[in-house]
Structures are given as C-alpha cells and as structure tokens.
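J.: Sequence:
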Amino acid sequence: MKNFKYDSMYYTGFGVQDLSQMNTLFPGKQFVQNPGGKFPFEDNQFDWIFSNAVIEHVGDKEAHILYK
Numbered sequence: 004m005k006n007f008k009y010d011s012m013y014y015t016g017f018g019v020q021d022l023s024q025m026n027t028l029f030p031g032k033q034f035v036q037n038p039g040g041k042f043p044f045e046d047n048q049f050d051w052i053f054s055n056a057v058i059e060h061v062g063d064k065e066a067h068i069l070y071k
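The sequence shown begins at 4 in the working numbering and counts up one residue at a time.
The hints are simulated quantities; they were obtained by calculation from the structure and are not laboratory data. Please read these numbers as outputs of a predicted model, since none were measured by experiment. Be aware that a few hints might be false.
What the hints assert, rightly or not - Pair by pair, the computed Cβ-Cβ distance ranges are:
{"id": "1", "residue 1": "Val57", "residue 2": "Leu28", "range": "18 to 24 Å"}
{"id": "2", "residue 1": "Glu65", "residue 2": "Gln33", "range": "18 to 24 Å"}
{"id": "3", "residue 1": "Lys8", "residue 2": "Asp46", "range": "21 to 27 Å"}
{"id": "4", "residue 1": "Asn26", "residue 2": "Glu65", "range": "33 to 39 Å"}
{"id": "5", "residue 1": "Ser23", "residue 2": "Gln48", "range": "18 to 24 Å"}
{"id": "6", "residue 1": "Ala56", "residue 2": "Pro30", "range": "24 to 30 Å"}
Here a beta-carbon is modelled for each residue, glycine too, at the ideal position from N, C-alpha and C.
Whole structure, please, built from the sequences with the hints as guidance.
T.: And the structure:
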C-alpha cells in the first residue's frame, strides 16, 4: 500500500522526539526535530499542514495563546 500520494519532496515530518529512524522508514522525505516553542520554518513555507493531537501538549492556556 502506498501511504504517500505525492512525491517525497512535498513532505516534511516534524516532531519533538528523535526522528532519526524515520529517514530509514521513509527515504527521501524530510524530518525536522525541534524541542518545542517557535517552529523553525519561514512564514508561508507550506501550502497546507496536517497536525493531530498537538494543542494539548503546548502547555497552559497562556502558552496556547502565545504560540497561536
């Protein structure tokens, strides 16, 4: 089963955990690890983004507003 519809250049995985094994599992795709806070991407760098179960990990209500 093909999991990704588009060419690998169109995917960027992002997480706070160690993503080094992802390159082996999904060769050709980019993975960025970041400890949290401000994301290391430029404005308008992506056409669309999918995230799942993220906001509850941002912190308290003040942090939710800060990183909105």
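J.: None of the hints should be skipped; say for each whether it holds.
T.: Tested hints:
For the pair Val57 and Leu28, the supplied restraint of 18 to 24 Å holds, since their beta-carbon distance comes to about 21 Å. Take Glu65 and Gln33: their Cβ atoms lie about 32 Å apart, and the range 18 to 24 Å is violated. Between Lys8 and Asp46 the CB atoms are about 26 Å apart, so this pair conforms to the stated range of 21 to 27 Å. For Asn26 and Glu65, the hinted distance range of 33 to 39 Å is satisfied, since their beta carbons lie about 35 Å from each other.
Checked against the given bound of 18 to 24 Å, the beta carbons of Ser23 and Gln48, roughly 22 Å apart, stay inside it. The hinted range of 24 to 30 Å is satisfied by Ala56 and Pro30, whose Cβ atoms lie roughly 26 Å apart.
The structure shown violates just one earlier hint, number 2.
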